[in-house]
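Chemist: This is what each chain is made of:
There are 2 protein chains.
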Amino acid sequence: MNKEQKQSVIENIMTRRSIRNFTGQSIIPDDLHTILAAGMSGPSCADVRDWSFIIVTNKEMLGKMADANGRYADPLRNAAMGILVCGDLQRAFKGAEDYWIIDCSIAAQNMILCAHSLGIGSVWLGTWPQMERVKEQAKLFKLPEHIIPHSVLAFGYPAEKEQRNVKDFDDSRIHMEQW
Amino acid sequence: MNKEQKQSVIENIMTRRSIRNFTGQSIIPDDLHTILAAGMSGPSCADVRDWSFIIVTNKEMLGKMADANGRYADPLRNAAMGILVCGDLQRAFKGAEDYWIIDCSIAAQNMILCAHSLGIGSVWLGTWPQMERVKEQAKLFKLPEHIIPHSVLAFGYPAEKEQRNVKDFDDSRIHMEQW
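Quick note, the sequences are listed as chains Z and D, same order.
Going by numbering that gives the first Met the number 0, the first sequence opens with residue 0, and the numbers climb by one from there.
Going by numbering that gives the first Met the number 0, the second sequence opens with residue 0, and the numbers climb by one from there.
These aren't lab readings, by the way, just hints derived from the structure by calculation.
A portion of the hints provided could be inaccurate.
Since the list can't tell identical chains apart, any single copy or any two copies may satisfy a pair.
As the list claims (entries may be wrong) - Simulated pairs of lysine to aspartate or glutamate, EDC-like, Cα-Cα distance not exceeding 16 Å:
#, residue 1, residue 2
1, K2, D29
2, K141, E131
3, K138, E176
4, K160, D73
Given these sequences and hints, build the entire structure.
Modeler: This is the structure:
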């Protein structure tokens, strides 16, 4: 990549912020496809790709997803789209199935970063490991037993002023060569 | 972002591939700083930022990290740098501490994507949830009890031909409006 291309990538990572207020504008199918392709492009344990994505645009269903995800999930109610990221235990790496949690996290972060580059804001609404949320989402979507809700992502065009500040660099978290 | 900038971000996400063979070239401090800043820019549960990073460039120590991480960790032995991503249970979200697993995954993926844009290859070597690896890394680095090894990332300049193929888009993982 040339210097400008690198800068675009790094700026996109650094300027991503949680967006909780969205305009009514919907997300075009091409952009949704790009976001999903980004989600599928991350590494996964032994390349098992142990995730599935439920895309919701129906307003009533978005409200139900918010209800199922407890406090702080209200951004879903005005989102253009919610994605329920799910792990798939039938595909998960045998012997260390819990890698599904990491694999779904990678997919979700890729989608969020891709959306940000497209001008689409998002907020990550935690589901797993809060098991009452996991259970409620599974019930809402009548999921098979091997499909486990991981996270809800709310997407839409930002109706709030973008924060362009960069998060603090915290030297205290860096340990050189040893703890 | 303009069209070209968007394309840079999306291309960077789509073309990241695990790199396991590295040249001897070391990573300059500026690039390391950028990679770490990217790691710190992701969302975390309630913004607790419950991670720490141990950066290792010493060859002997890289060998020991590889030994501690079991099979498939050999890329560390010729890497310019290894990063042990750790969760910090003292900072983790109270009441649902296991969000640290997701928060560390986000940080790691951000670092990998940032490195890729800088021409630096990487491979993600799973540690958690394989508890023998977690234990061995904790022992090697004499970690306090609240610091939990999550993943090892090996970084370096690629000594293998870059694969520019894009991962399959798998329609079977997409569920519209319902499961």
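Chemist: Would you mind marking each hint as holding or not holding in the structure?
Modeler: Evaluated hints:
{"no.": "1", "hint": "K2 with D29", "result": "between (28 Å within a copy, 14 Å between copies)"}
{"no.": "2", "hint": "K141 with E131", "result": "within (15 Å within a copy, 36 Å between copies)"}
{"no.": "3", "hint": "K138 with E176", "result": "between (47 Å within a copy, 14 Å between copies)"}
{"no.": "4", "hint": "K160 with D73", "result": "neither (18 Å within a copy, 46 Å between copies)"}
Violated hint: 4 only; the structure is consistent with all others.
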